[in-house]
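Trainee: Spelled out from the first residue to the last, the chains are:
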Amino acid sequence: MAGLEDLYREIILDHYRTPRNRGELDAPAVSAEGHNPLCGDEIRIFVDVQDGVVTDVRFNGSGCSISQSSASMMTSAIKGKPVDQVKAIVKKFKSMMTVDEDESPVDESLNLGDLEALQGVVKFPVRIKCATLGWNTLLDALTTAGQ
Amino acid sequence: MSLDVASIRKDFPVLHRLINDKPLVYLDSANTSQKPQVVIDALANFMANGYAPINRSAYQLAAEATDLFEGTRTALAKFINAPKAHEVIFTKNATEALNLVILSWGRANMKAGDTVLLTHMEHHANIVPWHMLVAERGIQLRWIPLTSDGQLDLSNLDSLLQGVKVFSFTAMSNVLGTINPVQQLCAAAHKAGALAIVDACQSVPHQLTDVQAWDADFVTFSSHKMCGPSGVGVLWGREALLEALPPFLGGGNMIADVRLDGFTTAELPAKFEAGTPAIAEVIALGAAVRYLDNLGMANIRRHEIEMSTYVLNSLTERFGDDITIHGPTNPELRGATFSFAFRGIHPHDLSQVLDQSNVCVRAGHHCAKPLMRILGANATARASFYLYNTQQEADMLADALDSASDIF
Chain Y
1 MAGLEDLYRE IILDHYRTPR NRGELDAPAV SAEGHNPLCG DEIRIFVDVQ DGVVTDVRFN
61 GSGCSISQSS ASMMTSAIKG KPVDQVKAIV KKFKSMMTVD EDESPVDESL NLGDLEALQG
121 VVKFPVRIKC ATLGWNTLLD ALTTAGQ
Chain S
148 MSLDVASIRK DFPVLHRLIN DKPLVYLDSA NTSQKPQVVI DALANFMANG YAPINRSAYQ
208 LAAEATDLFE GTRTALAKFI NAPKAHEVIF TKNATEALNL VILSWGRANM KAGDTVLLTH
268 MEHHANIVPW HMLVAERGIQ LRWIPLTSDG QLDLSNLDSL LQGVKVFSFT AMSNVLGTIN
328 PVQQLCAAAH KAGALAIVDA CQSVPHQLTD VQAWDADFVT FSSHKMCGPS GVGVLWGREA
388 LLEALPPFLG GGNMIADVRL DGFTTAELPA KFEAGTPAIA EVIALGAAVR YLDNLGMANI
448 RRHEIEMSTY VLNSLTERFG DDITIHGPTN PELRGATFSF AFRGIHPHDL SQVLDQSNVC
508 VRAGHHCAKP LMRILGANAT ARASFYLYNT QQEADMLADA LDSASDIF
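Residue numbers (our numbering), protein chains in the order written: chain Y, 1 to 147; chain S, 148 to 555.
It should be emphasised that the hints constitute simulated quantities derived from the structure, not laboratory data. One thing to keep in mind: the hints can contain errors.
Calculated pairs, DMTMM-like style, for lysine to aspartate or glutamate (alpha carbon to alpha carbon, straight line, at most 20 Å) [as the list claims (entries may be wrong)]: (1) Y:K81 / Y:D51; (2) Y:K129 / Y:D6; (3) Y:K129 / S:D502; (4) Y:K92 / Y:D114; (5) Y:K123 / S:E453; (6) Y:K81 / Y:D48; (7) Y:K81 / Y:E24; (8) S:K516 / Y:E24; (9) Y:K79 / Y:E24; (10) S:K516 / Y:E33; (11) Y:K94 / Y:D84; (12) Y:K79 / Y:D114.
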């Protein structure tokens, strides 16, 4: 059986206790809201996209340690990156979570850094939706931003 | 007579299962209850030795199946003190039973501007169908608020009921455990000229039900929370109201005649039972009803008051301000269903840690999001106790809660 140490890694708890990029962004930044209908977790992701680059990103809402830390790590990983690279990171992360749906190849050379700590979530299938909530909401926000 | 819980536990095979070499502590019966051997046997025996269609074939096997199926209806009618067995309608779950009465009655009797009174502690099944009628018919919804300890605030009940066509409410909250004064609420509804619909899903498994003493108009509940199989819900309604109610689902079994230009409905209860029902599950529900009836619903209720007293006292003594238990503090006013917040740990994380000790609780919004917003939470953890749960299991819950603090 998978132990809790696989799930609650120290870096995850650190992002949960001290979330990075928590807050809101004003226009022209756009936002999207995500819900986990099973558990009531809610998240809002704000992105500011300038000339094809995610210049700033914030999140707020409430949820479990996995959804919150995953969103926090996500914002750290994508801030300042071009949108196409951000999408490649999203794809790589969803692939790690076993929920990458489209056929295009994953960029194996990408280094997910701290996000690798979330690998253990896969051993707890019910929690995969927690880990991916912020990511799916980010994609919605990017769509709203016309990306 | 007090319940012999040790003996009852022997009746439930799953309670003896070890998961990762540790015993199972099942505290999620408000979600769905475990099944005693008599129910499992009834299901298996019918599948193995008696399976046949009901209501439509002349051979002996089919006649036996029909008798067994109708036997459950008769047993249920007695169990809830319904005047007539054909007032008991089988649906696929309690949600469908509520949809049947709300949508069918609402479409036939409600127009724009008509008002329905609901409460802030309703399950989505007693909210969303009404929202559908708001969209379809332009009806209006009015709500009874809650007191700080999770009871209905009835101080303005009479004025809230003014001009109301339907008062639809839960007999017992699936989140707060609150037991509502059903008889008083039905009387108030009728005094105001309103129909009284009672969602008794959480109540029927845990205490005596007397639809005539309640003086309700419609009552809904489910099989799977009262030791029966899933796949069966129950609608009880007054005979005259059911006679007047248009059918909900159309198809086989619910007709007296079908012509090219229309149809005539069958008599009760077939009128509301279109298509092949969950035959084996309904028959096994009969075994669950007899099982509960033999133990005595008053005895089950007394056991749960004792459990509530123990849970409230022991958790409060052990954790003080670190735990917030929602709902009434008086065990007489509540069932043994406890939603709680613990040391700021998110309910999902809490339930994940409890699972390491095989303590099964539900974490989430419990299909009551409006109530969650009022409680100021997106989710709560919920431990719910039933006839097979012990004080020792309440202690195991407390021990497991303590271990969560080591991580967060």
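Trainee: Would you mind marking each hint as holding or not holding in the structure?
Mentor: So, going through the hints one by one against the coordinates:
1. Straight-line distance between C-alpha atoms of K81 of chain Y and D51 of chain Y comes to about 11 Å, which keeps the hinted pair within the 20 Å bound.
2. For the hint linking K129 of chain Y to D6 of chain Y, the alpha-carbon distance of about 17 Å falls within 20 Å, and the restraint holds.
3. The hinted pair formed by K129 of chain Y and D502 of chain S meets the criterion: a straight-line CA distance of about 18 Å does not exceed 20 Å.
4. Pair hint K92 of chain Y plus D114 of chain Y holds up; C-alpha atoms about 13 Å apart against a cutoff of 20 Å.
5. The straight-line distance between the Cα atoms of K123 of chain Y and E453 of chain S is roughly 39 Å, outside the 20 Å bound, and the hint therefore fails.
6. Proposed proximity of K81 of chain Y and D48 of chain Y is supported: the alpha carbons are some 11 Å apart, at most 20 Å.
7. For a cut-off of 20 Å, the pair hint linking K81 of chain Y to E24 of chain Y stands: about 19 Å separates their Cα positions.
8. Simply put, K516 of chain S and E24 of chain Y have alpha-carbon atoms about 24 Å apart, too far for the 20 Å limit, and the pair is violated.
9. Using a Cα cut-off of 20 Å, the hinted pair K79 of chain Y and E24 of chain Y holds, with the two alpha carbons roughly 14 Å apart.
10. Simply put, K516 of chain S and E33 of chain Y have alpha-carbon atoms about 17 Å apart, close enough for the 20 Å limit, and the pair holds.
11. Restraint check for K94 of chain Y and D84 of chain Y: satisfied, since their Cα atoms lie roughly 15 Å apart, inside the 20 Å limit.
12. The suggested pairing of K79 of chain Y with D114 of chain Y holds, with an alpha-carbon distance near 14 Å, which does not exceed 20 Å.
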